[in-house]
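Participant: The primary structure of each chain is shown beneath.
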Amino acid sequence: MGPHRRILGARPDAASVGRHGISRRQFVGGTGAGLLAAALAGCTGGGQLARESQNAAGPGGALQWWDQFRPLTKMLENDLFAPYKKEHPGVTITRRQMDTPDLGQALQVARRSNQMPDVHSIAGLGGISPAALVSEKWFQPIGKLADFEGSPVSDLLYDGIHRFDGEIYTVPPFSARWHDAVPWFNTALIKEAGVDPEESPATWDKLREVARRITQKTAGDVYGIVVPSKDTEYLQFLVHRLAMTAGAPGAIDWATGKYVFDSQPYIDAIEFLVSLQTDKIVHPASASMGARDARARWAAGQAAIYPWGAWFIGGLRVDEPEAVERGVGVWHIPCPETTRNFVYNPPQPGMLWVSSQSKQAKTAAEIMLRMTTKEFQLKLAAAMDQPPALAEVVAEADVHPAYKRCVDYFQDDVRISPSPEVGNPGVWQVLAEMRDIHPNLGDIVQSVLTGSTSDIAGELKRFNDAISAERERAIKVVREEKGAKVDLNAWIFANWDPKADYDQQAYAGR
Amino acid sequence: MTTTQERNPPATVAARRRRWEWPQRLRKDWWIYVFLLPTIIGYGTYTIYPLLASWWFAFLDWPGFATSGTFIGIENFERLLEDDLFWNAFWNSIVFLVVAVPLRVGLALALAILLNRKKTPFKGFFRTLFFLPVVTTGAIVGVVFTLLLDAGGPVSLSMVASGLLDSPANFAADAGTSLYAGIAVWVWKWLGITLIYWLAALQTIPQGVHEAAMIDGAGAWAEFRRVTMPLLVPFLVIITLIDTVAALNVFDLMQTLTGGGPSFSSEVIEIYIFRTAFQATVPQLGYASAAAVLFGLLTMALAVAQALGFRWARSRIGSA
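For the record, the sequence lines run as chains A and B. Position 46 of the first sequence, counting from 1, maps to 45 under numbering that gives the first Met the number 0, and the rest follow consecutively. Position 174 of the second sequence, counting from 1, maps to 173 under numbering that gives the first Met the number 0, and the rest follow consecutively.
Source of the hints: derived by calculation from the structure; they are not laboratory data. Take the hints with a grain of salt, since some may be wrong.
Here are the simulated distance ranges between beta carbons [unchecked claim]:
no.: 1; chain 1: A; residue 1: Gly-482; chain 2: B; residue 2: Val-133; range: 53 to 61 angstroms
no.: 2; chain 1: A; residue 1: Ala-456; chain 2: B; residue 2: Leu-147; range: 48 to 56 angstroms
no.: 3; chain 1: A; residue 1: Pro-320; chain 2: B; residue 2: Lys-118; range: 37 to 45 angstroms
no.: 4; chain 1: A; residue 1: Glu-479; chain 2: B; residue 2: Trp-21; range: 17 to 25 angstroms
Away from chain B, derived, C-beta distances all over 12 angstroms, residues of chain A [claimed, not checked]:
no.: 5; residue: Trp-137
no.: 6; residue: Lys-229
no.: 7; residue: Ala-245
no.: 8; residue: Asp-496
Each residue gets a CB set at the ideal place from its N, CA and C atoms; glycine is no exception.
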């Protein structure tokens, strides 16, 4: 201990390096402080602002790009960014692909810490109206930075969705003609069960019969259908689509503006899912599966039919390509009766937005404009994600025949519905004021499928009443506190024709 | 004041001297504080600031997409008190705590006693085996157990095969079992670390004490109850405290295992806060912060009530 005490310098003079020099203690302290200062000075880490790196990169600058499109990774890099960077040597583009929930959290945190990427998707922000984000100055307009009015998608630009106060903020790279309850099937299992893959089961009962036959006639533990129920959002969308095929206009009756979650089509849709479960033709582990888990189980041959979106096959090709090789097919979405009803979607919102904090808006706008060209739309189709805005290019794109058929079926099955936000700019303020109601439709379906409740009609009625009351409260608040000119009439579209698209002219003729 | 100063003049002088000493000590030992600075900055930034900020946020109406919130007083707390799902999450967290902590502490103690015995073979192997899940990421454990506990998983199938179940069950996706499935997995995952605490505690007991008990004719149970356990009580308090804190930090496991479902049956308070803050149609940062603050206050109130009840019971037993 003795020598140690002296070396460590219990007395400052004892550890003195020299008469006039600094003490050893001071030397160690000073060196440590210097190293610490150097470390702190050099540590920019994740807190480094995109704008700082842009300045450092010179006039071209570095563009930060965040989205959730996993199947598009290679295509965006090779067919969008690479050609642009080749033409603009000073530009660098850094893309980060995140899962949707992670992206939503990252955006919220980035926004508050002034570290927003230049271009980003708004997926994961909980379905908030883009108009609310525009009003909070999240984005900057891009209409004057590139010729979007002259682009092939100019007819798809709507006030209140893409254009705000006359300024274009975003463009839709994808088509609005899609839905997320496409019955994708494993062709090998279908054939093994003696089912004709070319003939869509037209009715719910037919689909049920096909699923039953697959369960019974295939070898091993194969189930007719998988309905992942861990993710309530998936269930919510599935039931919406099924209810539409049963005649529902969606969650809102456009003739009265009222919510219709408690209507018979919604009850029938949930009862149909219950009947599949009662027949024991649904994969028994469905309740533990999220949408991607179910796709993996489907790819492993544990279930033959999986109702999901057009992106199903694009995701398969990235994560389970052997399942695409083995054989994948697609049917029309079935209806309860042989009479065909339509599935409705509002106009497709913009997917990508340019941050108000970005100093690279022109570069971002130019790249986004390229996404609207026929050449890029062909590449977009080839990624087999959501159908491209110019859906007609799919016919000549390098895609799997099942994807081509899926997009063809969308032309028959899907119609564009009204969007209250287009009709009345005050609607977004109401939507932003509305608080979530739980249990919502997805929660109710999950409760029913896991046996927590059997009172489908009662639960739907309670939800419908609660969300109606919440909308009325929100309307009152925004009218009284924010002076918004909006009432229940904003949700009424008396000239809506269930068999036709509700287009730009229809809004004028309301 | 004057009276106090007159009464304690030496203390006042000493305090003054200490005040003068402080800048001198700072000048002399400044490098100590330089080395402390990263810890102080880190702790302040990532612990103290978020703690204080969440208290302030709790009084704001703050939609997640806005850069700041509006002061609304105690409105968030008033809404929370009427929010059935908050209370559901609160009680789920309490059930988790009440069931999981005794289970983890008790099982780990039993295993530690077994693995501390001289006669137990392969002690090192078993210690490693029990410790392995501790070093596995919680989210990964959640994902793996989703597969193990679903209707086609080995747990369900073996229970059906052995006649314990009539038909396969989704333990993590059934409203009646999901919370308990989470508890079981949590106990399994963290058992190893509590086992290490107990082994360390057991090894502080001198061998002579056990030998003395044996000479006095104590059997294994009597020795444990009257000799070992009383010596372990101080450790029990610390280990229970550590495990209690851990039982309130189960977000990664529960989110990946059950996602709080089905029907909110396994939604613990952290998932409730996360859902409100990040997954709502309009994220509500103020409301989520208020939930965190209120849960903290209610847990503290429960702990104080429990301590008072414990003291009262001991005094009653003492006076009887």
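Participant: Hint by hint, which ones does this structure get wrong, listed from lowest number up?
Facilitator: Those not satisfied are hints 2, 3, 4, 5, 6.
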